[in-house]
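Visitor: These are the residues of each chain, in order.
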Amino acid sequence: MATIRVTPQEYTYTTYDAGEIERIALRLAGQVGLDDATIEIDVDESTPLARTRIESLDEPVRIHIEGGAMEDPTAPRELSERLTSETIGRLLLRVVDRRSGRFAEAPADEELTLPQLTAWETSCLGRLERLGYDVRPPRRRYHFRTRHGFSDTADAVFDRLWATDELSWADIEAACAETEAAKQPA
Amino acid sequence: MKKLMTSQELARDGRFKRVPVQARALDRRMSPKEKDAAAGKKIAPRNQFSPEHPDAPDRARSLMHGIFVGEIQALEGAGRTCWDFEAGDGTNGTVPFALKLDMARQCWDEARHCEISVKLSEHMGTEIGEFGESAFLFEAACNPDPILRLAGVNRALEGLAIDVFNTMKMFGDTSGDPVLEFCEDWMLADEVTHVKMGSDWLRKGTENDPERRNRALEFQKVVDKLFSGGGFRGDDDASPIKLARRFRELAGFDKTEIDEIAHLSQEALEEARARVGGAYGS
Chain F
1 MATIRVTPQE
11 YTYTTYDAGE
21 IERIALRLAG
31 QVGLDDATIE
41 IDVDESTPLA
51 RTRIESLDEP
61 VRIHIEGGAM
71 EDPTAPRELS
81 ERLTSETIGR
91 LLLRVVDRRS
101 GRFAEAPADE
111 ELTLPQLTAW
121 ETSCLGRLER
131 LGYDVRPPRR
141 RYHFRTRHGF
151 SDTADAVFDR
161 LWATDELSWA
171 DIEAACAETE
181 AAKQPA
Chain B
1001 MKKLMTSQEL
1011 ARDGRFKRVP
1021 VQARALDRRM
1031 SPKEKDAAAG
1041 KKIAPRNQFS
1051 PEHPDAPDRA
1061 RSLMHGIFVG
1071 EIQALEGAGR
1081 TCWDFEAGDG
1091 TNGTVPFALK
1101 LDMARQCWDE
1111 ARHCEISVKL
1121 SEHMGTEIGE
1131 FGESAFLFEA
1141 ACNPDPILRL
1151 AGVNRALEGL
1161 AIDVFNTMKM
1171 FGDTSGDPVL
1181 EFCEDWMLAD
1191 EVTHVKMGSD
1201 WLRKGTENDP
1211 ERRNRALEFQ
1221 KVVDKLFSGG
1231 GFRGDDDASP
1241 IKLARRFREL
1251 AGFDKTEIDE
1261 IAHLSQEALE
1271 EARARVGGAY
1281 GS
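Protein chains in written order, with this note's numbering: chain F, 1 to 186; chain B, 1001 to 1282.
Treat the hints as calculated values from the structure; they're not laboratory data.
Misleading hints may appear alongside valid ones.
[Stated by the list, open to error] Computed beta-carbon distance windows for the label pairs:
(1) B:E1211 to F:R53: 54 to 62 Å
(2) B:D1254 to F:A163: 56 to 64 Å
(3) F:R82 to B:G1093: 42 to 50 Å
(4) F:E105 to B:K1255: 36 to 44 Å
(5) F:R82 to B:E1260: 36 to 44 Å
[What the hints assert, rightly or not] Derived SDA-like pairs (lysine to any residue); straight-line CA-CA distance at most 25 Å:
(6) B:K1017 to F:R102
(7) B:K1003 to B:L1075
(8) F:K183 to B:S1050
[As the list claims (entries may be wrong)] Sample of chain F residues with no beta-carbon within 10 Å of chain B, all distances over it, derived:
(9) D42
(10) E45
(11) V96
(12) Q116
(13) Y133
(14) W169
(15) C176
(16) A177
(17) E178
Since the structure is predicted, the reported quantities are computational estimates derived from the model, not experimental observations.
C-beta atoms are modelled at their ideal positions from N, C-alpha and C, and glycine is treated no differently.
One chain only, chain F, in its complex shape (with noise of 0.2 Å):
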């Protein structure tokens, strides 16, 4: 079983919860193949934006989260159990597939485009979809459309990524070239 740690253990600006958090993180590690991993989680609920990222890939596995990230957007300041799964969960299988062998030309994650990153996460969504977890595809598909473009080729490469399990870098990368690709004029 792997091992989870939450900092700040109590929270003043929001009414979040680490317990919550760890049982959350605890159960996605399990479902991803990081069993035996140790994960900390670093939550900073003094912003509510939501950024992301992950600090180390090593043990221990270090994840640093914006609160907003995991907050309710019709109750501000509350932990949305959906959106922390969501969260958690698409950066733990980004460890994953940095740990498979299928990402070493892959640059690192600050060097990752808009329109790379969200191909990513694309996939990462759609396994987590196939885990159970209710991650909203047409907010994602959506997403996808404003960095690869409104147009029936960004909506088949979308789909290809979603039902895509074992993602390497050059998927990602044919993704973007060929969304690119229906950009250009004819």
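Assemble chain B onto chain F, guided by the hints.
Guide: Frame of chain F; chain B shown alone:
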């Protein structure tokens, strides 16, 4: 049917969740950029509704959901204004019949905007009720004085809608989304008309009553300031929502009035910084 209902009586089905204005006002959290500003650091302007901004799609979805619930409330508000006041010469709680006709026309427009917004939400992957609803527009529409009601709703809040629609129309254009761009353009055209109605009735309804005009303008100012929170909209590039000066001129605002809104926004930003500054050691 009851006249002059209160905002607490506004009914909704189970999909909607009301977020009280106080819940947002009590939120002490700030973005890293706001923290820098609170600490007195200079921040680089960045358009948050640009396709290059990582948060732009979700911000756009949240903002358009806010507009959608605003359209429902505007429909309810204009309908109430038709009903709440008897036709007359505009004194003793009456309104000119022509004002009722304007409100009826606005109801027709708002109903169409609701339908457009529902379809647009689907297009953007947003579910009805996915975000909380603030009922502030309807609260302004419950003012017992019809002229203050129009100043608060038509001039302040529909004026804000002009700024939002113009910003989102540009986002639709730059992100290559023709559906968003056209929806915003169509609704923007109506908003200019609604704001113009507010400007015209403010002028006509207070022609011989400068004290009432001052109260109406003061009410509008309060509403404008509440919706400029944290510098949400303004002239500078760092404001998420840009003041649409040209469209506001078409809607009957003069330059001094538009400058005043820009000033209110700046004031609201500075007050927000002062309020939370201590929490971040500025």
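Visitor: Which of the stated hints cannot be reconciled with the structure, identified by number in ascending sequence?
Guide: 4, 6, 10
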